[in-house]
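Student: Sequence:
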Amino acid sequence: MNRPESSIKKGYATFSDSCDHIGQYIGQVRISEGFTQEQLCRGLCTRSLLSRIENGTREVEPLLAVAMLQRLGKPVDMFTLILNREEFECWRLRQEISHSLRRGEIEGLANKIMRYRDSAQGALDSQFAKMAELNRCALLHMPEGELLTLAKAALKLTNPDLAETPLDGCLFSRNEGYLLMAILELRERLEGAEAVEKQYRTLLCCLNAARYEVRERIYLLPYAACHVVATEYRQGHYATALAICEAALGDLTAEKRLFAYDRLLEWKQRIFDTMGIFDQTPRLLLARLRQIQEWIPQAISLLAPCEDRSIAVCLNDVIRTRRTLLAFTQEKLAEDVCDVGAISHIENHMRIPQRHKRRSILKKVNMSGERYDYEIISHQYETYLLRSAVGRALNSGNSCRAQDLLEQLKQEAPEFAANRQYFLYVNARIRAALPTDHPNWLSPEKRKKEAEEALRLTLPLDIETITCWPTCVLTINEIIHLMVYGICCKGQGLFQEALQVFSYIQRCIERHTAGAGYPEHFYVRAVEKKASTLGDMRCFEESNRLFLFCIRQALENQDSRLLAMLIYNYGWNLEQCFDQFKGEPGADRDKIISLFQLAYASTTFSGDAVGRQHILTHCQEVYGLDLQL
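All residue numbers for the sequence shown refer to the numbering used here, where the first residue is 1 and numbers rise by one.
These aren't lab readings, by the way, just hints derived from the structure by calculation. Errors might be hidden in some of the hints.
Cross-link-like lysine-lysine pairs, in silico, PhoX-like; alpha carbons within 25 Å at most [claimed, not checked]:
#1 Lys410 / Lys357
#2 Lys332 / Lys363
#3 Lys112 / Lys156
#4 Lys364 / Lys332
#5 Lys256 / Lys198
#6 Lys357 / Lys332
#7 Lys152 / Lys112
#8 Lys156 / Lys198
#9 Lys410 / Lys449
#10 Lys410 / Lys363
#11 Lys152 / Lys198
Whole structure, please, built from the sequences with the hints as guidance.
Tutor: Have a look at this one:
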């Protein structure tokens, strides 16, 4: 079989399908990228433990799995982590601490960090606690020498030589990378830029290595790029500085993120001015971005950013809520697995089931049985490469390529209901994008029906009764198909039905995931669709309240993928109010046009050409305006 947009080195081990897929995945990625076990596990765990993890005789702890995958340059936010109660509460506290730091909320933070530190189970927990304390002290303006000591102490817990030796060939997790940049930043302040310029260059080179997927490196690379750009500019290498700047901005646009976007725009304009390039686009984009950022409290620039994006749910809640939704008795769930009392203890957070029993119970409630769930479940690294290739083809509009890759994926992926749900979703997207006169075109009516049928693979319920469904832990594929169903209802003018679906998704995510807004993209999209539906129902005040909430969530998450249409729809609502109630305060023409201008600029941050054209056309038709940055 042809390798999907990647080359896999021969010779990776073969693992048993009875083992946990995440350990096999880690092992196959490691071997494919040419790293030894000693290199990967250094500072994290023993080689013997890693060996047991890779061959499936030992489950990998969540933080350890995250750190290892990040060291290998692979995204972890694609997995749903199914945690026991203690792990879940610890994860929730991490999110609370990170959220407080990003907002600069100092009050009560020291107590939260102390609670986390006291419950630490290993070096990774201790490192996070020290990292949080470092940021808290930086927000309190502790002397830079003392901050440097704190940063070095945090990094030494897992990677003692990273800040002291050449970076070439070093593996580091996201938090280790943040701590390294904090050390370099502090050294630059104390010793001057020349003292650290070589390390910044090497760091940027490491992040640009082929093993790093853009989805993962985007958390670190923009910040490192800013420092290297500054060095190149200071040395008069303007063309090189510009190339680095544009490459980083390209990554941010591709991944629809805003990390250091404003700083990179500032550098790009400065380079343009110095080189005599008469282009004010970066300056104008920066002005628009800063206008948009006024919707949230002043952005906090952390010394070591806290960006834990993985989706985390509690195993006990998964079992209890999905059993309740599927109307299973505890007796039925326990059948051929364990006694009824064990189910009761699990659901009440009094027991953690053994691995084989956990798998059996999760499968009975139509989950994959894995602790690390995803759209696709597989024991083969190659399958995940195919899934990524399918996503890129879909997002670029290359339906033929997506179809070919999908057929390959079907051959590679094992038989799971989750996998079939994903196949159905991709197939529906491909067919819906065909010309309407194509024999395989999927109409909205048929797409709605197919979404319902896909849902029934794991949720065999009447979706028309969704208002009576108890909230539960939903899989990513279930959320996707519910979203499609709701969008189709909205398109058919069935606004109440659509509202019920989007509200259900919102409630499920709010109640059963660790951290506000997780999974962030699905959460914001569900609320955005709810707001849009309310706008269609002319409930403009409530609609705009939700749009503003979504805008703020997107900005806090540094996520630009929905930003343009959120702002546009907010303006559209005001426009409808203006047409209906001319002269009312807050609904004036200038404000509406200003919002459309901000939305237009936002399409540049996300590379949204379709949205850009929609906004342009609307403003031309309604106001006779050709929007400019």
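Student: Mind checking the alpha carbons of Lys112 and Lys156 for me, to see if they're no more than 25 Å apart?
Tutor: holds, 23 Å
Student: Decide if the proposed pair is consistent with the structure: Lys410 and Lys449, CA atoms, cutoff 25 Å inclusive.
Tutor: holds, 22 Å
Student: Is Lys332 within 25 Å of Lys363, Cα to Cα?
Tutor: Holds, at roughly 13 Å.
Student: For the pair supplied as a hint, Lys156 and Lys198, confirm whether the alpha-carbon distance does not exceed 25 Å.
Tutor: Holds, at about 21 Å.
Student: With the threshold set at 25 Å, check whether the alpha-carbon distance from Lys364 to Lys332 stays at or below it.
Tutor: holds, 9 Å
Student: Does Lys363 sit within 25 Å of Lys410, going by the straight-line distance between their CA atoms?
Tutor: Since the Cα atoms of Lys410 and Lys363 sit roughly 21 Å apart, the hinted pair holds (cutoff 25 Å).
Student: Assess, step by step, whether the Cα of Lys152 is no farther than 25 Å from the Cα of Lys112, and give holds or violated.
Tutor: holds, 22 Å
Student: Need the status of pair Lys357, Lys332: alpha-carbon distance at most 25 Å?
Tutor: Holds - the C-alpha atoms of Lys332 and Lys357 are around 14 Å apart, at most 25 Å.
Student: Under the criterion that the straight-line Cα-Cα distance not exceed 25 Å, is the pair Lys410, Lys357 satisfied?
Tutor: Given that 25 Å is the threshold and the Cα spacing comes to 28 Å, the pair is violated.
Student: Are the Cα atoms of Lys256 and Lys198 separated by 25 Å or less?
Tutor: Measuring from Cα to Cα gives roughly 29 Å; hence the hint is violated.
Student: Against the 25 Å threshold, does the CA-CA distance of Lys152 and Lys198 hold or violate the hint?
Tutor: It holds: about 19 Å lies between the C-alpha atoms, which stays within 25 Å.
Going through the hint list in order, the structure does not satisfy hints 1, 5.
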